[in-house]
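*Asks:* One letter stands for each residue in the lines below.
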Amino acid sequence: MNDPINVLTLFLFNIVLVNIPLLYGTVGEIVVEKSGSLDLGVEGTMAIGAIFGYLAGCVANSLAVGLLVSFLAAGLCGLLFAVLTVSLQANQNVTGLTITTFGLGLYFFVGKGLGERWPAMTGAGSLVKGFSALEIPGLSKLPVIGKALFSHNLLVYLGIVIAVLVWWYLNFTKTGLRLRAVGENPGAADSVGVNTLMYKYIHLIGGSGIMGLGGFYMALYMSGSFEGSNCWINGYGWIAIALVIFANWNPVLAILGTLVFGFFNTLQIYAGSLAGAFPGSLGWLNTVPAQLYKALPFLITAIVLIASSIRRREGSGQPAALGLNYFREER
Amino acid sequence: MKNRQPLFHVVKRDHAGPGRQAAAYVAAVVLALLVGAVLLMVQGVEPVTFYKQLLTMGIPGSRYPWRSVENFIKLFVPLLITSMALALAFKMRFWNIGGEGQFIMGAFWAGFAAMKLGGTLPQPLMVVVMALCGALGGGLYGVFVAALKVKWGTNETLLTLMLNYVALYFLQYFAETKTDWNFFLDPDSARPKFAKFPANAQMITIPIGPFNLNLSLVIAAVLCVLLYIYLNYTKRGYEIAVVGDSPNTARYAGMKVGKIVIRTIFLSAALIGLAGAFQVSSAGILSTSVTNDVGWTGVVVAWLAKLNMVGIVVASLLITVLQFGCQTASTTYPSIDANFANLLQGVILFIVLAADFFTRFRLARTRKEAAK
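Listed in order, the protein sequences are those of chains P and W. The first sequence: position 155 = 708 (this note's numbering), numbered continuously. The second sequence: position 280 = 1177 (this note's numbering), numbered continuously.
Isolated chain W, as found in the complex (with noise of 0.2 Å):
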């Protein structure tokens, strides 16, 4: 066989500077606002006036601004607690893309106790309640793929895929299942649909004047710099960097993996169901698509950041924006619907996908000595 060599070979870099990387994903925002306006065009609708509505989110000018900053967080806290959560998993290389589930489940158990102990707790106790049952339900739910992961090897991937459908139909069994004991629906609606939440059991605004800042935020926020500390400052942060490096150097050195990987995936997977209990006692009330994707987009976000707490930050905001834009924004553009957010996240991340390999590695010329 001839022994040809090629030009050029693929070499990891030892590190990337971090202005490279800023700059990749500043050019992929601004190509994948550039495609998206192409496809604009094709379809009749003027850009420009559609990214100016796009990137307010229709805030100035409305009658109601801060209303709109408050949907607007409705939206933002799951997607950003979802994130964080997801990295934590990835960052141990454990590949828990059952955020759907676990925000299922924790909205479900959330939702069970408002709707079972909703009149008898006082505001600010029964938050905490159902915060705690959705962090539980959720947790558990993650848990038990951790465990098997452990104990057996089984694949976490397409188990935790799974589990999302089976949290999915479990949950719109109790949203179309008409009976005595469901008492999830609103017993007044001849036909199946949930509840309303009894006012206590509704998620905690601070008056601002006009504006009502929603308590999951502010949770959110401490959160975010409690989980940094944790990943960067903590022994056990330290685990989970060295059990997602190489999980046998970690046994080397004395580390308990199974232990470490139960723990991380338990705290993740909480998170996640606490994300879910802050959404459904945020809205009110239960329903079959309270996960809006956040599961899906969690994984976006978390890549797209880098797994890095503070880059999770600044790439939920930015989805969040582009989804909660493209809703305001389709209303007067019929023809665009909210999906369109969807598209252009998905350019982003294709871009972003490519550009990493240009930070990752280099391409170097093969050596002629090298070649022998």
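Isolated chain P (complex conformation) (with noise of 0.2 Å):
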């Protein structure tokens, strides 16, 4: 343990394993945000697609049961937030923000009730073996990085390769390019015959079963143990609205952002004793507040935001319809 090289090990192994749900999170809000929707119910999305699924994987015993519940469940409330906003046209901000109350309230009333009855992950063996490492052959024996990026869960691996797809899938199909011209300005898409409706419809479900996903793992990760008090989910769902940003709506640049905001979320948990194995270079740590590794995500958000802002740069991702109702009859 003591072993500086293993203590580095341990701690780059920690930022994807830990992280990697913030990824999921990302990558969901990014599908949404491209359709022109701000949706801020990420954190109650991922917590009752995290509960849902969690449940329905214990039950069944199968970890594919578990995934595609979590997709359904946390799919739903996208499709409560299509309804309300692009059909009804309620306001998004408050549509988002209803979506986290209500599904935190949900979490917890589920999760409550169950009580004595609460199925814990052991029972589920299908689900601990499909949580456990997955050695890539020949690449996890490499020293270091072998085990920190080439021994994790199927999930791990699965969030990156959805990260690549929707990334090939904005940028590279025609129906990405037509969901690009939604969110930046539907009433051109309407115009030359883009069904904006469905578009949105069809991600903002997609999108939100995404991050219904980074819910599940968080739900093994932590081996499915309830707490009365603490969510699962933690405010990644925050972080996830801020990784968005600070990734530039780019699903690419979100694994990269995954492992920054990862970095800091981790070296609040390692810094002691990263500070310890590596007294010389490192014993600076120890004297950070750990206050200050958590608020920084949100304060480099802010900044790059600002930034932008002031520039105005050219290459900016953000959709420029991103929090605007779309209605026909004043296009």
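Bear in mind the hints are in silico, worked out from the structure with no lab data behind them. A portion of the hints provided could be inaccurate.
[Said to hold, decoys possible] Interface residues of chain P toward chain W, partial, derived using beta-carbon atoms under 10 Å:
(1) Leu-593
(2) Ser-640
(3) Phe-661
(4) Leu-730
(5) Gly-788
(6) Trp-791
(7) Ile-792
(8) Gly-836
(9) Leu-849
(10) Arg-881
Positions of the beta carbon are idealized from the N, C-alpha and C atoms, including for glycine.
Using the supplied hints, reconstruct the complex from the two chains, each of which is provided in its own coordinate frame.
*Replies:* The structure is reproduced here in structure tokens:
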């Protein structure tokens, strides 16, 4: 444990392991925002995906069922958001915040209500097995990065694959191009025959579903132990909203961003042992307050937001119609 | 391409009748309670007795009924002031969702004043100083965003959201750091713990028989009247409405839009800071959960009330009853916790958001000649 290389390896390993749910949340929110909707309900959506996915996974004793149910349950939150904001023209900020309030309320209601009947994850062998590390042959034997990057559970790799696929979908497919058009200027997209309504619905549901997968990951990471006071998601949904901005609405940059935010997130736990392992070079870590690490993702994002608004740079990925409802009769 | 015409299309209504809206709201609350009742039955809890406890908030039959009323007021006042302040910003279409952060800053600076000057000033003066510190702390934290928005068009929704967490961890730092200079903490406790404020830094209460009326309730009521007049009968209030409707119209009319935005957001954030100051001086101690989520709940209340000051009083009363009632009822039903209030609140707002559509728009038959 005190071997410096060991500490470093574990630190890097945990940056990936603990923070992949952020990637799911972020990629889901990117899909949603690219369709022009600013969904502030990520936290609640992930909580709903987490609890229903976990319960279903335990009952069926199957990782696939858990993944599917978490996707569908969170997708329902996206559907609700779509009905209210796209069809019924409700305010997006308020709807999103309400989904968070409602989602967390439902999460605690279900969890508390089960009480003694709450299923332990050890009772569902295939969940435990599905979440255990898979060593990638060859690569996982590399020193330090072999353990840190190439011996993770299936869902870590799935998250990366989804991020890359979404990136490809947004940038290199016809539907991806149309989706971006809907987010930039729904009136123009509508006038050339793109079904804006359908695009918004499908991507709200799909994006929210991806967030739900992140929630399910979080449930498995917490070994399914339900605590009365703390939600599994523990603010990751809010960090994901920040990360979307940090990654400039690019899913591949989001992988990098997850590692950067994850670095601070994990440092707050590992600062002590890193300082102990490398007293000469990293001893100062002990003097930095842990709260600063927690605040840094939000602080950095705030600075990015301000800086990009000052520079008004060309390549900003923020959809022009983000947060605005599209009312066809006022086109 | 085949030219299909939908049978119906959506048209904006000119005005919505107040009766229609009131009916929609009553229906929303009833429906939410019904949904809640079904969920309660699933959990094996008898809904009628649960709701009875929730709505009476455990006051009848309690040994200290007045104590419950006092605690209710402590929950109600911060929510009421915060919701009114948020409505002010929302009227201008400025999406201040940084209520949490501004509230924390208000509480923090009021706490700062209490710990630094607590022993030296008489109570009435101390309460005023704390209120001013809180208002200034919250106001500056909010006006900073407004200035950026005016100057460079920074997205205020996302920026205020980020600043909520910066403020939270800022407060946590003082809550969890045990050092010599940290005068916020209790010196007698080995582990870090906020110290109680000196007695003269606590909110003034007016004893009426067995009941102690919290002065902040009176101030909140006065604020409510003042804001109503400000919004409806003053030039500045009119300017807020015009900027909210269309910044360009305001500009053509010769209004200085930037100045109006900055002034209004400072007022909005300062009121939230004031609510934070009232909260800590009523509690007599700082806490990292000082906001009790009013920054979020305030958005819900302001929206439920359609940004109308009278509506906000009603809506924040309703939400406080739900929250305080769930807290009391959950002591008898361990399987239902206080979060049940959030669930009900969510359902109510979903229904209201959906019902709003039918008060703002109507479905019109698409006529053949119009289609051409």
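*Asks:* If you test the structure against every hint from before, which numbers come out violated?
*Replies:* Violated: hints 4, 8.
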